[in-house]
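**Student:** We have chain U already, so just place chain S on it with the hints.
Heads up: the protein sequence lines correspond to chains U and S, in order.
Mapping of the first sequence onto our numbering: position 188 corresponds to residue 188, and the numbering continues sequentially without gaps.
Mapping of the second sequence onto our numbering: position 5 corresponds to residue 5, and the numbering continues sequentially without gaps.
Since the hints were derived computationally from the structure, they do not count as laboratory data.
Just to be clear, a hint being listed does not mean it is correct.
Each pair may be met inside one copy or between any two copies, as identical chains are not told apart.
In the DSS-like style, the derived pairs of lysine-lysine whose C-alpha atoms are separated by at most 30 Å in a straight line are [stated by the list, open to error]:
id	residue 1	residue 2
1	Lys25	Lys62
2	Lys110	Lys120
3	Lys165	Lys25
4	Lys233	Lys25
5	Lys28	Lys233
6	Lys167	Lys28
7	Lys28	Lys119
8	Lys24	Lys62
9	Lys28	Lys165
10	Lys119	Lys62
11	Lys110	Lys221
12	Lys401	Lys338
13	Lys24	Lys165
14	Lys62	Lys28
15	Lys221	Lys165
16	Lys338	Lys387
17	Lys167	Lys120
18	Lys221	Lys167
19	Lys165	Lys119
Being a predicted model, the structure only gives us computed values, none of them experimental.
There are 2 protein chains.
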Amino acid sequence: MALIVQKFGGTSVGTVDRIQEVAKKIIKHQQQGNDLVIVLSAMSGETNRLLGLANQLNDQPKGRELDVLLSTGEQVTIALLCMALEQQNVEAISYTGNQVRILTDNTHNKARIIEIDDKKIRADLAQGRIVIVAGFQGCDEQGNITTLGRGGSDTTAVALAAALKAKECQIYTDVDGVYTTDPRVVSEARRLDRLTYEEMLEMASLGAKVLQIRSVEFASKYNVPLRVLSSFKDGGGTLISAEEPQMEQAVISGIAFNRDEAKLTVLGVPDHPGVATQILGPIARENIEVDMIIQNTAYDATTDFTFSVHRNDFQAALTIVQKTADKLGAKEVITDNKIAKVSLVGVGMRSHAGIANTMFETLADENINISMISTSEIKISVVVDEKDLDLAVRSLHTAFKLEQ
Amino acid sequence: MALIVQKFGGTSVGTVDRIQEVAKKIIKHQQQGNDLVIVLSAMSGETNRLLGLANQLNDQPKGRELDVLLSTGEQVTIALLCMALEQQNVEAISYTGNQVRILTDNTHNKARIIEIDDKKIRADLAQGRIVIVAGFQGCDEQGNITTLGRGGSDTTAVALAAALKAKECQIYTDVDGVYTTDPRVVSEARRLDRLTYEEMLEMASLGAKVLQIRSVEFASKYNVPLRVLSSFKDGGGTLISAEEPQMEQAVISGIAFNRDEAKLTVLGVPDHPGVATQILGPIARENIEVDMIIQNTAYDATTDFTFSVHRNDFQAALTIVQKTADKLGAKEVITDNKIAKVSLVGVGMRSHAGIANTMFETLADENINISMISTSEIKISVVVDEKDLDLAVRSLHTAFKLEQ
Numbered sequence: 001m002a003l004i005v006q007k008f009g010g011t012s013v014g015t016v017d018r019i020q021e022v023a024k025k026i027i028k029h030q031q032q033g034n035d036l037v038i039v040l041s042a043m044s045g046e047t048n049r050l051l052g053l054a055n056q057l058n059d060q061p062k063g064r065e066l067d068v069l070l071s072t073g074e075q076v077t078i079a080l081l082c083m084a085l086e087q088q089n090v091e092a093i094s095y096t097g098n099q100v101r102i103l104t105d106n107t108h109n110k111a112r113i114i115e116i117d118d119k120k121i122r123a124d125l126a127q128g129r130i131v132i133v134a135g136f137q138g139c140d141e142q143g144n145i146t147t148l149g150r151g152g153s154d155t156t157a158v159a160l161a162a163a164l165k166a167k168e169c170q171i172y173t174d175v176d177g178v179y180t181t182d183p184r185v186v187s188e189a190r191r192l193d194r195l196t197y198e199e200m201l202e203m204a205s206l207g208a209k210v211l212q213i214r215s216v217e218f219a220s221k222y223n224v225p226l227r228v229l230s231s232f233k234d235g236g237g238t239l240i241s242a243e244e245p246q247m248e249q250a251v252i253s254g255i256a257f258n259r260d261e262a263k264l265t266v267l268g269v270p271d272h273p274g275v276a277t278q279i280l281g282p283i284a285r286e287n288i289e290v291d292m293i294i295q296n297t298a299y300d301a302t303t304d305f306t307f308s309v310h311r312n313d314f315q316a317a318l319t320i321v322q323k324t325a326d327k328l329g330a331k332e333v334i335t336d337n338k339i340a341k342v343s344l345v346g347v348g349m350r351s352h353a354g355i356a357n358t359m360f361e362t363l364a365d366e367n368i369n370i371s372m373i374s375t376s377e378i379k380i381s382v383v384v385d386e387k388d389l390d391l392a393v394r395s396l397h398t399a400f401k402l403e404q
Numbered sequence: 001m002a003l004i005v006q007k008f009g010g011t012s013v014g015t016v017d018r019i020q021e022v023a024k025k026i027i028k029h030q031q032q033g034n035d036l037v038i039v040l041s042a043m044s045g046e047t048n049r050l051l052g053l054a055n056q057l058n059d060q061p062k063g064r065e066l067d068v069l070l071s072t073g074e075q076v077t078i079a080l081l082c083m084a085l086e087q088q089n090v091e092a093i094s095y096t097g098n099q100v101r102i103l104t105d106n107t108h109n110k111a112r113i114i115e116i117d118d119k120k121i122r123a124d125l126a127q128g129r130i131v132i133v134a135g136f137q138g139c140d141e142q143g144n145i146t147t148l149g150r151g152g153s154d155t156t157a158v159a160l161a162a163a164l165k166a167k168e169c170q171i172y173t174d175v176d177g178v179y180t181t182d183p184r185v186v187s188e189a190r191r192l193d194r195l196t197y198e199e200m201l202e203m204a205s206l207g208a209k210v211l212q213i214r215s216v217e218f219a220s221k222y223n224v225p226l227r228v229l230s231s232f233k234d235g236g237g238t239l240i241s242a243e244e245p246q247m248e249q250a251v252i253s254g255i256a257f258n259r260d261e262a263k264l265t266v267l268g269v270p271d272h273p274g275v276a277t278q279i280l281g282p283i284a285r286e287n288i289e290v291d292m293i294i295q296n297t298a299y300d301a302t303t304d305f306t307f308s309v310h311r312n313d314f315q316a317a318l319t320i321v322q323k324t325a326d327k328l329g330a331k332e333v334i335t336d337n338k339i340a341k342v343s344l345v346g347v348g349m350r351s352h353a354g355i356a357n358t359m360f361e362t363l364a365d366e367n368i369n370i371s372m373i374s375t376s377e378i379k380i381s382v383v384v385d386e387k388d389l390d391l392a393v394r395s396l397h398t399a400f401k402l403e404q
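Only chain U is shown next, with the shape it has when bound in the complex (with noise of 0.2 Å):
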């Protein structure tokens, strides 16, 4: 009898046929032998609809009302989900956040989650119940009702598993997995069987938005297998887990990338201790997310500092820069708002050497410029144009043979 967490989108119960399929899998599930814990997300497009009857009333909605109300979505979804398979005569019972109940700290709208009650969950799996819990959402100290963001659903499927040492944690999804890269712009993109914690850490920061990077981080931090699985098609899907000392590892496992990046360098910057905090805090107090940060090594006692950011920030990026620009008394801001990042990521790049060097002789075949270049001990990202995006991907994935 193994104990399964399983996640399913909103996509997957974006309709009553859709709530109807996804029941008619859990029960298989079950009868496969399996304790289950079901996670939902609210109906597709319901969160935005609340959202939209708030903008109307309130051009700023606290987070605490905020919560209130997108919570009913997650709330809706279980009773019918509930009420499905009790139409087959399958036992269910739902809970809310505030119900299981999952403490969170009390900052609304991106909550964390503190502690998770396990006693009535598995007081009702024991009965022989399916339980199917509400995601995105939790309580504080004081019950007032938080949201976990964005996407927090995987976040609760995956501390649910933790909590309960399940099995396996499960995230339902509209693909069947991780591929190598994006099938969109490699058509031999192939899915992973398998994939590191850190592997899709890099993989999902970096554009391949499968999984809510909070609960990758979290499967990891509690070694919870986590599984990407099509909602729609059977089939394995991606397992995520720790890295195992038996594993083969192919020395790249996937290409990400990011279309919409801007970057923005501040030239001639006085070379002494505090110059980055100088220039990256006023962006972050701005909310203002920074991808990558670059400075090179110092050079007649100043230097340059570069950073990418989203190219929906860029114009307000560009203005607080260009202030603390004139305060550093640097030299001058220079930009381009058409760039795009391309990420090889891999474990078995630590023990390889020569995959940067692999990188940059692909991309210099093809006649591709790179104008930035980061590395971490499991990925490499350049800076392209934007419009030789598509043809790095595609050289690269070509290179490293991704698609065998």
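**Tutor:** Frame of chain U; chain S shown alone:
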């Protein structure tokens, strides 16, 4: 500083614009120096939308899950109203039934309130906040979500007013008060300024469906002054309260009526103890609500037993009663499903003789035949042919000078 509980129904919060109107009204009342606790229903149509989803998945959804589902309706409106108030810089806070907490028994879909914890609400009021509570819902000892049944938001409002010892419980609805009778039938019908609980109970149960009966019972039990007002136009509405000795009471307060009744008579029932329950027991077990019950003095060791039901339940009731009649050895079952009931209501009736006679005389003058009569201390009901109903109501309204 008076504490007032105000309840707004589904139509009053049915759209974003209407929620904004409600917010304005509330702010005005706060500026007049009142402490306010607001109880809301779901947006009109929302409960039916949710029920529709449920019925597509399960032809008989379990009470527990239905309550999880339906309680989201009010949770949405309380958050939205809070946002609308905060947009106007008025401090407000929302609570679900579980958060307050409103403790109920565990009879899902028609739970009864056991206890209300007023601590949080009092603390918020002391901070100058407007407190907004989801109507219609509570939770049981185990933390399961419960609902109070259709119209239960009125009961929530009255129960909160009782718990908080509010000066008044105001029910905002789409009519501007309680009328002497239905203005669609008698154009001279007049809005009543005040009414006793007993009169309102008789009016409500007889068809003037402005307030949920249970909420009036509750108000009467805890002596909460209840006021029915329009959400859409100004005016004092109708105050429903205990009878005051000094009140110069009109003899008759109003005329209530029910159109869609049907009556069933079992003729020649052997007159022995237990007959009434033998006839009505099987009816009650099928959840058919019985309205009037009349049994005349026995003659010749048999009696005739008549009761009326809503016309929708007529066929079901007939099937059951025919079986019972056979079992009891009764002579025959006769029926009429084209009847209507008209009732005079008024506490003044108690001290005035001759009301019944004036009623019968008035109907006789109009050549209206009376087929059943039933009386209580403050009400006289007669059953007439459906086709005579409007004429009966109009002529009685004039005879008792209710337009003045």
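**Student:** Which hint numbers doesn't this structure obey?
**Tutor:** none
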